[in-house]
Amino acid sequence: MSDTPLLTVKGLHVHYGAIHAIHGVDLEIFSGEIVTILGSNGAGKSTILRSISGLTSPSAGTILFQKQKLNGLKANRIVKLGISQAPEGRLIFPEHTVLENLEIGAYLRRDREEICQDFEYVYHLFPKLKDRSKQPAGTLSGGEQQMLAIGRALMAKPKLLLLDEPSLGLAPILVGTIFKAIEEVNRRGTTILLVEQNAFAALKVAHRGYVLTTGAVTLTGSGDELISNDQVKNAYLGA
Amino acid sequence: MNEELLYFFYDLGQYLINGITQGSIYALIALGYTMVYGIIKLINFAHGEFYMIGAFVGYYLVISGASLWIAFPAAMLGAGVVAVIIERLVYRPIRHAGRIAALISALGTSLFFQYLGQGTVGADPKTFPPVIEEISYEWGEMMISNIQIIIIITTIVLMLVLRWLVSSTRIGMAMRAVSFNHDAAELMGIDTNKIISFTFFVGAALAGAAGVLVGLYYNTIEPMMGLMPGLKAFVAAVLGGIGIIPGAALGGLVLGIVENLVTGFWASNYRDAIAFGILIIILLIKPTGLMGKNIREKV
Ligand SMILES: Nc1ncnc2c1ncn2[C@@H]1O[C@H](COP(=O)(O)OP(=O)(O)O)[C@@H](O)[C@H]1O
Ligand SMILES: [Mg+2]
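Residue numbers (the working numbering), protein chains in the order written: chain A, 323 to 561; chain B, 1417 to 1715.
Calculated directly from the structure, the hints in this document are not laboratory data. All values derive from a computational prediction rather than experimental measurement. Where hints are given, some of them may not hold.
Straight-line alpha carbon distances no greater than 16 angstroms define the calculated EDC-like cross-link-like pairs of lysine to aspartate or glutamate that follow [claimed, not checked]:
(1) K526(A) <-> E355(A)
(2) K396(A) <-> D1607(B)
(3) K479(A) <-> E425(A)
(4) K1457(B) <-> E1638(B)
(5) K1709(B) <-> D433(A)
(6) K396(A) <-> D1599(B)
(7) K1542(B) <-> E1638(B)
(8) K479(A) <-> E436(A)
(9) K402(A) <-> E1638(B)
(10) K452(A) <-> E422(A)
(11) K389(A) <-> E417(A)
(12) K481(A) <-> D453(A)
Between the sequences and the hints, there should be enough to build the whole structure, so can you do that?
Below, the structure written as structure tokens:
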């Protein structure tokens, strides 16, 4: 971990019309970390990820990635800089095959040989995708679609990977598979910002976390600190 | 064979030949409608004007001595470029302003080109030079002209190229991705604005091609010529399933054939009403169109 953060979010405010969804969020993510943002439904987690990716324009605040300001950049430019996202709802391309979905993930890349290696990498993380590579992605199960969404985001070869509730709607055993893969991706050097409601699963893998409550950060600390924090326990761990 | 029956089959064959020819034209125009709808959910009622513009670009090049080998691709290019400009100036600024705004802008753009055409080149029909000498081939009482054959073959070739473009190229893959979801496509690094421009270009180029083919077929063009074929191609696109590319091809063909069969055998005065009858029927029975899937389950 170096001293300057890979990503810095400062004083972020986001409005949807009259709704003030994010009010003054600060975040820092250092190279090599898994950082999680925990929050219940409607807290503003997806809005933060959408702002980082350039899908939503903040009304105030700055987002810096490797010293470059992301504000005002179009989403496709931000991918090129090295941030990719497996979005909420997965948004895999249902009529494209699994293979094509992964190819689209590598849309901006020209390094054919490395792309081939990354196919193998994704298939190694999620062997099920290899078995289904010729199928339309719409025929996959929910868990497989989530694997595909993550695999597709990895095909962009991101420095920072944004994951929006990867455990949503999945059986516990699949959540385990996905989180094991998330840890492996991180071990191989990709920094990860993980948004979750499933605090238990997220805090087991995260180095640090932020707790988001109705658009503002109310608590922050290391994974271990948060997992034993009473507020977190009551709100998210069903204790 | 009974003579009456024989003549019935001659008639049937002739109506089919004419119907397939006319249907090819509808299909070429319908493809652009459906592609643009697929990618930004806009019914571009100005699409018929791209067909008209293609016809005029072709016309002016041909009368100034260019060969069809130049005039035809130039007409496609001209219509395509106009469409890209219109998308940039008219549709892009209001992309998120709602469907009514888009619809009104499309109708306004359509009228703009119709009156611009009348104001600049005049409202009178122009005679498209018969650059291809018409030869008819007869079989019994049926006839097919070399121009009809050219229209049908050109349409098939353009459709095959389109199919290749959409299904097997990088940009085609991106077009399909954008038509599924703009945010998802942007997250892949796809510049959705560029893909939308390109889609307008391709759709209008196909309409421009149809414009020249019609010039060759009927030998007359005029600034209002896009109105009725444009509306009918819209019906064809809905008939096939709006947003579904093979559906537009099928819808165009079916519409051309039905129109010719109904007017030939039954009610020759109602040619223009048939399309709208079909539109009403399809909207009542199967609004998703012939090739439309029943609403997919959301995952
Ligand atoms: N497109 C939108 N239009 C209006 N309000 C929105 C929109 N997206 C999110 N919101 C609102 O912003 C708040 C934060 O939403 P979101 O970021 O989706 O939360 P989370 O991902 O934590 O569930 C919620 O109150 C939600 O209703
Ligand atoms: Mg969310």
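* Hints that the structure is at odds with (numbers, increasing) -> 4, 5, 9, 11 and 12
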